[in-house]
Amino acid sequence: GAVVSQHPSWVICKSGTSVKIECRSLDFQATTMFWYRQFPKQSLMLMATSNEGSKATYEQGVEKDKFLINHASLTLSTLTVTSAHPEDSSFYICSATRDVEREGYTFGSGTRLTVV
Amino acid sequence: DAKTTQPPSMDCAEGRAANLPCNHSTISGNEYVYWYRQIHSQGPQYIIHGLKNNETNEMASLIITEDRKSSTLILPHATLRDTAVYYCIVSLEINNYGQNFVFGPGTRLSVLP
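Which chain is which? The protein sequence lines are A and B, in order. One rule links them: number in our numbering = place in the first sequence (from 1) + 261. One rule links them: number in our numbering = place in the second sequence (from 1) + 771.
Hints are not guaranteed to be accurate.
As the list claims (entries may be wrong) - The following label-pair restraints were derived from C-beta to C-beta distances:
1) A:343 with B:825: 44 to 54 Å
2) A:301 with B:797: 27 to 37 Å
3) B:796 with A:274: 24 to 34 Å
4) B:779 with A:364: 41 to 51 Å
5) B:800 with A:331: 20 to 30 Å
6) A:322 with B:779: 38 to 48 Å
The hints are simulated quantities; they were obtained by calculation from the structure and are not laboratory data. Glycine residues also receive a C-beta, built at the ideal position from the N, C-alpha and C atoms.
Take the sequences, apply the hints, and build the full model.
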């Protein structure tokens with residue numbers, strides 16, 4: 262099936278620094294990718310929709326200036342957590358679809374961010 | 772809010788069938804039922820989805836009631852590796868132009884040896 266790759270799988274950063282997370286569709290092109298956040302023992306929450314060549318669409322309550330999304334090519338979307346704080350520590354997951362009718366949406370393996 | 776309700780947890784004996792229920796009484800006519808699972812510290816894995824008819828693939832079977840207000844995911848021969856949180860999601864099938872996936876808390880399935 263389709264493969265969505267995330268990098269890094271985990272990262273530890275100091276408070277106040279910025280962290281970039283990459284999401285790649287390995288064997289297909291994705292004009293749209295989706296970013297989720299998951300806190301411990303909670304479910305996934307959609308943060309934003311990343312659109313190739315245009316601005317991302319953010320869900321209510323998600324600060325667009327804090328979570329910068331860049332979808333510069335058909336196979337890569339990046340999420341940058343700017344001026345990270347400990348409360349941004351979470352599991353970040355992206356998704357995309359190659360053929361939604363047959364395969365549904367494919368999720369990346371996630372990135373564990375810890376801000377110290 | 773999620774449009775589905777699932778039991779918070781279930782146990783299943785290894786080798787037996789695991790039947791995971793999901794209620795979606797407010798589902799609309801053009802919404803699909805998707806099932807995903809998430810093994811600890813990994814991204815969700817697609818299992819199966821359907822609209823009206825029952826569906827089967829190499830992983831599982833999906834049984835949707837005639838009124839579409841509920842469904843059951845069946846893992847025919849559960850193994851220890853099937854221990855995960857299972858999410859039932861109701862969503863429009865929008866190809867690449869949007870996604871309205873709302874994840875509820877899911878069902879934590881524990882497959883016991």
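Legend entry - Hint check, failures only: Hints 3, 4, 5, 6 contradicted; others consistent.
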